[in-house]
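K.L.:
Residues per chain, in single letters:
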Amino acid sequence: MRRLSWGWMPAIQWGFGLVLVLFLAIPVVSLFFSVTPRKFFAAFAEPIVQDALWLSLRTSCIAILLVVLFGTPLAHRLATGASFPGRSALEALLQVPWVTPPAVAGLALLMAFGHNGLVGRHLADWGISLPFSTAAVVVAQAFEGSAFFVQTARQAFSGVDRGLAEVSRTLGAGPWRTWLGLEIPMALPGLLTGAAMAWSRALGEFGATMLFAGNLQGVTQTMPLAIYTVLEQDVGAAVSLAIVLMVFGFGLLWALSRLRQRAVGPG
Amino acid sequence: MQRGLFFDIQVPLPAFRLAVRAEVSPGVTAVVGPSGSGKTTLLRALAGLTVPADGIIQLNGRVLFSAKEGIHLPPERRRVGYVPQQYALFPRLRVIDNVMYGLKARGVPRRERRRRAMAMLERMGIAHLADRRPAQLSGGEAQRVALARALVVEPDVLLLDEPLSALDPETRRQLRSFLRTVLADAGCPVVCVTHDREDVATLADAVLVLKQGRVVAAGSPKDVMEKA
Numbered sequence: 001m002r003r004l005s006w007g008w009m010p011a012i013q014w015g016f017g018l019v020l021v022l023f024l025a026i027p028v029v030s031l032f033f034s035v036t037p038r039k040f041f042a043a044f045a046e047p048i049v050q051d052a053l054w055l056s057l058r059t060s061c062i063a064i065l066l067v068v069l070f071g072t073p074l075a076h077r078l079a080t081g082a083s084f085p086g087r088s089a090l091e092a093l094l095q096v097p098w099v100t101p102p103a104v105a106g107l108a109l110l111m112a113f114g115h116n117g118l119v120g121r122h123l124a125d126w127g128i129s130l131p132f133s134t135a136a137v138v139v140a141q142a143f144e145g146s147a148f149f150v151q152t153a154r155q156a157f158s159g160v161d162r163g164l165a166e167v168s169r170t171l172g173a174g175p176w177r178t179w180l181g182l183e184i185p186m187a188l189p190g191l192l193t194g195a196a197m198a199w200s201r202a203l204g205e206f207g208a209t210m211l212f213a214g215n216l217q218g219v220t221q222t223m224p225l226a227i228y229t230v231l232e233q234d235v236g237a238a239v240s241l242a243i244v245l246m247v248f249g250f251g252l253l254w255a256l257s258r259l260r261q262r263a264v265g266p267g
Numbered sequence: 001m002q003r004g005l006f007f008d009i010q011v012p013l014p015a016f017r018l019a020v021r022a023e024v025s026p027g028v029t030a031v032v033g034p035s036g037s038g039k040t041t042l043l044r045a046l047a048g049l050t051v052p053a054d055g056i057i058q059l060n061g062r063v064l065f066s067a068k069e070g071i072h073l074p075p076e077r078r079r080v081g082y083v084p085q086q087y088a089l090f091p092r093l094r095v096i097d098n099v100m101y102g103l104k105a106r107g108v109p110r111r112e113r114r115r116r117a118m119a120m121l122e123r124m125g126i127a128h129l130a131d132r133r134p135a136q137l138s139g140g141e142a143q144r145v146a147l148a149r150a151l152v153v154e155p156d157v158l159l160l161d162e163p164l165s166a167l168d169p170e171t172r173r174q175l176r177s178f179l180r181t182v183l184a185d186a187g188c189p190v191v192c193v194t195h196d197r198e199d200v201a202t203l204a205d206a207v208l209v210l211k212q213g214r215v216v217a218a219g220s221p222k223d224v225m226e227k228a
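Protein sequences appear in the order of chains A and B.
Numbered per UniProt numbering, the first sequence spans residues 1 to 267.
Numbered per UniProt numbering, the second sequence spans residues 1 to 228.
A hint or two may mislead.
What the hints assert, rightly or not - Quick look at which bits of chain B chain A covers, simulated, 3 or more residues with Cβ under 8 angstroms: (1) 45-51; (2) 68-80; (3) 85-95; (4) 99-106.
Read the hints as simulated data drawn from the structure, not as lab findings.
Predicted model, so just to flag it, every value in this text is computed and none were measured.
Backbone N, C-alpha and C define an ideal beta-carbon position, used for all residues, glycine too.
Isolated chain B (complex conformation) (with noise of 0.2 angstroms):
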């Protein structure tokens, strides 16, 4: 078990204690569940936001957690890409800066960065927005900056929380199918939390359904779908 994503993990919450084992190989899984019950404390546990109680996180063979051996990444060195609900785009930076932001961090060289930054936004079709602000973008122009931020440092996993939860549903039905050929082709594993049928039809390789910070359910998606 060399490439992709494991883990096995535990992490009490007020109301019942998550336990989560899968193992997520390339292409989209998507999480789903009803609310509260542990699929965005998942997300965080893997981005390396949320210390779990006990258990172990590999990534492409390297080991971000584990509690046994007292190892926790912080979230700097885990190379994931993780995109939280509202986006949390920068707001006093431009588009480009703050899908700069990632390579700035790691010191790539100014000029690379905003060569890579540029492809990237163009990849997003929203090269002509490098100049605007947070604050004057549309929802689904936002996801896609926080989309471009996430991948543009290639991250060994992206994490999505709910990418089209925050948007109105003309948008969302463009942006699924958008968000559909950027996944493919991310070059990476990518976890989804949704809650929307829809999103693990259109987007989903595999399932894993959440309840009360369990598994309750895993496979395809037409498997797992049809069976709840």
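Here chain A stands alone, though its shape is the one from the complex (with noise of 0.2 angstroms):
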């Protein structure tokens, strides 16, 4: 059987595509090149990137699970609790790391957490100063990646029939017993899918972290700001800390995709 001939049309429209395509690949491919495995590993005895690699894993993790803690509980309700008013307003809330430019997140956390922030004024009577500190890294992270995690949690809660748990209230489970042992688990892939894009977000967090945070090797300078900082002086340093923040990234799709394989296969 021949199949319908669309002319010309295919190979235009791979023509268009594969300057895209490579418009993507040539960068990722040049930061490969552009360090010899010597260089790439001399590179992790430098203090500058030891500080940056260890920092950057401490605070982004530290920010998912806060994300991760405080992002399920309202994903379950927005995704199966009743509507009320100002749900809309709620909605738009928590787009709001979407839509804003870093820069302008972290301007807002200094605004709001500042010496003479909203909060951070009352803060300071208590002894506590946020900024330019490693909780400020936390904070600036897990602003950007709540977003990312609270819509696919939610989207996944949404996916759990409502039907299943209502058997389960029947059957003697109660609402925490049917959310932990039911719904959470059946929700799981997409709360992963979740947890690893708002992980990937907040490894390459800069801006926010910037401002409100501040570049203090050690302190506040994560692996994105290392980067920036040793670009001038050390290019070698920058590329191998660039390689690990990519290699992560591929690392996590990759898992997330055979995640997803598994959810919807047998068992």
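With the hints in hand, could you dock these two chains into one complex?
P.N.:
Okay, structure coming up:
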């Protein structure tokens, strides 16, 4: 059986598409070609690189834990709860990190939690100072990552058939038991996807961290900030850090697609 | 009035107001009526999944719902068995774990859980399916698992929503006679929503006919179906 001919169309479409593919691929490949393996590994002996790696790992993990802890219950409420006045306003608010540039987010955080900020003023009375501390990095990352997680988690909970939760209740499982034992396990692939997306966003956070937390080595200088800082003196170190971030990002993507295949497969 | 189910409830629906009063005695009570007459809403209200605007529900002398007294027992405390139209088997759990779910929620010890679940599967003639997943079951098998899951916790009333409608005619015939035996010794009153006259003739001891949210006829299947 011959396939219907589309003439030149596929070739021309591929031609245009290829320009975009190369546009994305060339920078990725270039990164890997800009450093020798020896230089790549040597970079990790440098304190500034080590500090940035360790700081990024710590802060992003804490940020994600916080986002998951506070975002999961909210996502479940929004997915399954009754409607209420102001619901659409709340949903718009939850997308603020999506539509505001990170620099704006950083400035907003400063206005809220800075020394003279709306909340920061009162925190200062308790001897708590957020800006330019490691905690501020976590705050900036959580702020930027939260929208990704809540949106995805909400979709995941919406995807769980309400009938299952209802039957669970009639079988004697209370609301908590039904949520923790039935709905969360069923929504787990979506929850993990959301957490991974939020995590990669948190790791890549630059603008908000720069404005709200500053750029102090070992304290607030995360990997993206370290790349920016060392670029002028040590391209090799900057590229090495960039490669780590990129490999990590692809690793997450790969793990997620594996996860989704398993979720739709039997079991 | 101690044993059995009594309800007198009102539930506002988009098109009309469901207002039903009835006493369900032991045996099978079929609730029939055209689609959209409020049958499923009635069942959900009895299960505690929908809150009536007004009225009272009593089961074996226990008050499940009373608008006047502000009582609304949540589904998990009503001791009702509820089988929705699409069965709602837990897709990730094996058949045996589906059946043990309610026993686990009620704190029945592990070995006892398993023993009772297996006994129930045997009673339903599906012990050989214990390790299957719901996706690997036929419609008739899934229905039996759903029944086993609802009955194993020994509910005070069994609520069935169109138990046979999702099946092909042949399976439906087989399962109908099976259902007749199971419901006969279910040990609790059964409320069965259906729109199939054959179901009523075979299964029901009493019939409640709903139309636009009202009871328009009630009585023995013979009386009611002759009039209709």
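K.L.:
Each hint needs a verdict: does it hold in this structure or not?
P.N.:
We went through each hint and held it up to the structure:
no. : hint   : verdict
1   : 45-51  : holds (count 3)
2   : 68-80  : holds (count 5)
3   : 85-95  : holds (count 5)
4   : 99-106 : holds (count 4)
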